[in-house]
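Visitor: Take the given structure of chain A and dock chain B to it, following the hints.
Number of protein chains: 2
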Amino acid sequence: MNDQLSDIAPPTYMDIRDAAERIGRHVVRTPLLACDDLSERTRGRIFLKAEVLQKTGSFKYRGATNRVLQLTDEERSRGVVAYSSGNHAQAVAAAAQRLSIPATIVMPRDAPKLKLENTQSYGAEIVLYDRFTEDRASIAHEIAERRGATIVPPYDDPRIIAGQGTLGLEVAAQASDHGVQLDALLCPCSGGGLIAGTALAFAETSPSTRIHSVEPAGFDDTARSLKAGIPQKVAPDARSICDSLLSDSPGKLTFPINRGLLSSGLVVDDSEVRSAMIYAFRTLKLVIEPGGAVALAALLAGRFDASGKTVAIVCSGGNVDPDLFRSILV
Amino acid sequence: MNDQLSDIAPPTYMDIRDAAERIGRHVVRTPLLACDDLSERTRGRIFLKAEVLQKTGSFKYRGATNRVLQLTDEERSRGVVAYSSGNHAQAVAAAAQRLSIPATIVMPRDAPKLKLENTQSYGAEIVLYDRFTEDRASIAHEIAERRGATIVPPYDDPRIIAGQGTLGLEVAAQASDHGVQLDALLCPCSGGGLIAGTALAFAETSPSTRIHSVEPAGFDDTARSLKAGIPQKVAPDARSICDSLLSDSPGKLTFPINRGLLSSGLVVDDSEVRSAMIYAFRTLKLVIEPGGAVALAALLAGRFDASGKTVAIVCSGGNVDPDLFRSILV
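Residue numbers (the working numbering), protein chains in the order written: chain A, 451 to 780; chain B, 451 to 780.
Excised from the complex, chain A in its bound form:
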C-alpha cells in the first residue's frame, strides 16, 4: 500500500497557501501567545501557539478539512475512512459531518475515552482494533475498498501535510505581528505531518528559523532517523502516556521533507510531559494533552536552550481524559 507513496509528489509552499485559502473560514486562527513567565524561566523570548483551541481540540482539523473539501461529489457520497488514535479520528469525523459525508473511523480499543466519545458525537461509525496485534491501515483499506470510500490518511498525503502546514503559515505571520523574528520553533512530532507542513511554510516565509521536532522517549523514531539519515523504527515494547504520538516510524512522504528541513529532534520523558501539563494548568490556563505538551515539556525541562533566543512552541492538542488529567494534577 504505502509503496505507492514513492510516486506521490510532496506538497509545495503554494499548496499550503492554497490550503490556507481553502480552509480559512472553517478553522480557528488560534492565537500565538507571548509567555512572560516562560520567557523569564528560560531567559529567552517565548511564544506559544495555542492550537488546543482549534476545532476538535487539535491541529488535525486543518488537514482533515483540507482533504475532504477536495473530494468530488461522487467521492463525498461514498464516504471517507480514517485510522487514528484519536485526534485525526475526531477531525475527520467533524470535517466529514460538516459536509454531510459518511465517515468510518478505525480506532484502537485503548484510545482515550474522550476521543472515542467525541468521534462518535460527530456522527462517525467507529471500528475498534487492538493496537498491539492488528494493523489499522489494513483494516481501514479493506473497509474503504468494500464501500468505494476514500481513505483520509493521518499524515502521508500531500493534502493532509499542506493542511497542517497552515499552522506554520499562521505562526510565521503572527510572529511578524508580534514584531519578532523566530530563531527556533519546537513542534510535537509523530508521523510528522504537522512539522513537515510547518517546516515547508517556514522554509519560504522565515528560512532562518530552526525547526525542531519533539517526541516522547521510546517513540523518538524521527530524532533517530534524522541522525541516521534513514528511517528508524521504535521498539515494539515502547510505551508512553503520549497517546497521540505513538507512530512507530517516520512517514514515507513526511520524512524526506523533515530530513531536509529540520535542525534536530528533541526527546522528553513522560514525567517531563506531566510537569508541562501541570504548568499549563497552573500558569497558562490551557488544557494540553500529553502528546500536545511535548514541545512545552522540552522547553521547561531544559532539553532546548532558549537563552537569548526567540522561540515558538506548538501545543498541538488538548484532548485528555478527565481521569488521566486528575491523576496528573495530584
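These are computed hints drawn from the structure, not numbers from a lab. Think of the CB as a built atom: it goes at the ideal place given N, C-alpha and C, for glycine as much as any other residue. Misleading hints may appear alongside valid ones.
Residues of chain B clear of chain A, computed beta-carbon distances all greater than 10 Å [what the hints assert, rightly or not]: (1) T522; (2) S527; (3) T655; (4) T733.
Here are the in silico distance ranges between beta carbons for each label pair [what the hints assert, rightly or not]: (5) S714/B with A688/A: 53 to 59 Å; (6) R660/A with S550/B: 45 to 51 Å; (7) S550/B with G752/A: 27 to 33 Å; (8) P706/B with S626/A: 43 to 49 Å; (9) E592/B with G474/A: 56 to 62 Å; (10) S721/B with E471/A: 42 to 48 Å.
Guide: Same frame as chain A, but now just chain B:
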C-alpha cells in the same frame, strides 16, 4: 472611608481609551474565540473572551496595571497595599513587581492556595485575615496609613474601572473583526468593576449591545440591586464555590454606572458553575475558575436565551486550585 467616594467622578469612555493606550504593551490582548459547539447548543452565535489567558490569569491585571502606572515616583517608593480574595491580589503584586514597587496584600486566610502562592511568587508581602470576622478594608487602610503607601482598591476607583474596561473595548473591536454585531454580552460580576468598565466601553462603541451581569446564587446583590434600583446586600450566611465573586454589595462607584447601563442581572448556582468548568475542560480546552465561569454557566444552563442572537461571554479568570479542579472533574 468609602463615603469619600461620593466626591469621585466615575470614569469616562475617554479614560478607558487612555487606559488602553497606557497598558497596551503590558497586557495580553486575549482572543475572542468563535465557539461552534456553544453556538449549536444555544442556536445562537457565541463568542468567548478568553481572559483566563491574561497575565496573572485574570482581568484584574488590567486595572492594577492602569493604577500603578499612574503613581508618582514618590508614591512608588512608598509602595502599594491591596485587599483581595486572590485575583486582584496577584494582579497588584505582579504589576507592582514589574515596576519594582513594594506591595502588601491583605488576603483571606481561606483564599485558594494557588492564589496565595502566586501572590507570594510575585514578591508581595501577604497579611492574612479572617473573612467572616475581620474587615479587610480597615486592615489595609491601617497598613497604608502607617507606611504612607497607596491603597489599590479592587473596584471602587475610576482608574481600576477604566483599566478593566479595556476588556470591553477589545471585545467590541474583536467582534467587528469577526464581522458581527453583538446583541448581548454576559459578564461575571462581583464588586462590578469589570462590567462597569465594559458597559462604559460598549455604551460608546456598540450601544445596542445589551449587557448582563452574572453572579453566583446567594451573591446576587447586583441582580437584586438592579431590580430594586438601590444597593442590596447579600445574606451573611451565603456561601459559594465562586471565591472571586463573594463581595457582599455592589460598589459605591460601580453601581451607579451599572444601574444606568446594564439590562439585567443573571444568577447561576454552584452546580451549573461546575458543569461549565467541565465543559470548558472537555470542549474549550480552557481552565476556568468557578467565578470566571459564571457567564458560560448562565449560557449552558439556559439562564439566558441566546437563540438567534449573537452573544459574547466573558471568562474572566482561571486561577483554580488543583484539588478543587480534580474534585470537579469527577
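Visitor: Using the Cβ atoms, figure out if S714/B sits within 53 to 59 Å of A688/A.
Guide: Hint holds: Cβ distance 57 Å, inside 53 to 59 Å.
Visitor: Can you tell me whether the CB distance of P706/B to S626/A sits inside 43 to 49 Å?
Guide: holds, 44 Å
Visitor: Starting from the hint 27 to 33 Å, judge whether the C-beta atoms of S550/B and G752/A obey it.
Guide: Roughly 28 Å apart at Cβ, these two residues keep to the hinted range, so it holds.
Visitor: Quick one: work out the minimum CB distance from S527/B to chain A and report holds if it exceeds 10 Å, violated otherwise.
Guide: holds, 24 Å
Visitor: Between the beta carbons of E592/B and G474/A, is the distance compatible with 56 to 62 Å?
Guide: Holds, at about 58 Å.
Visitor: So T522/B supposedly isn't at the interface. Is its beta-carbon more than 10 Å from every beta-carbon in chain A?
Guide: Since the minimum Cβ distance to chain A is about 26 Å, T522/B lies beyond 10 Å and the statement holds.
Visitor: So the hint says 45 to 51 Å: do the beta-carbon atoms of R660/A and S550/B match that?
Guide: Given about 35 Å between the Cβ atoms, the range is violated.
Visitor: Beyond 10 Å from every Cβ of chain A: is that where the Cβ of T655/B lies?
Guide: Holds, since 22 Å exceeds 10 Å.
Visitor: Checking a non-interface call: every C-beta of chain A should be farther than 10 Å from the C-beta of T733/B. Is that right?
Guide: Violated, because the least Cβ-Cβ distance between T733/B and chain A comes to about 8 Å, which does not exceed 10 Å.
Visitor: Honestly, do S721/B and E471/A meet the 42 to 48 Å range at C-beta?
Guide: holds, 45 Å
When held up to the earlier numbered hints, the structure conflicts with 4 and 6 and fits the remainder.
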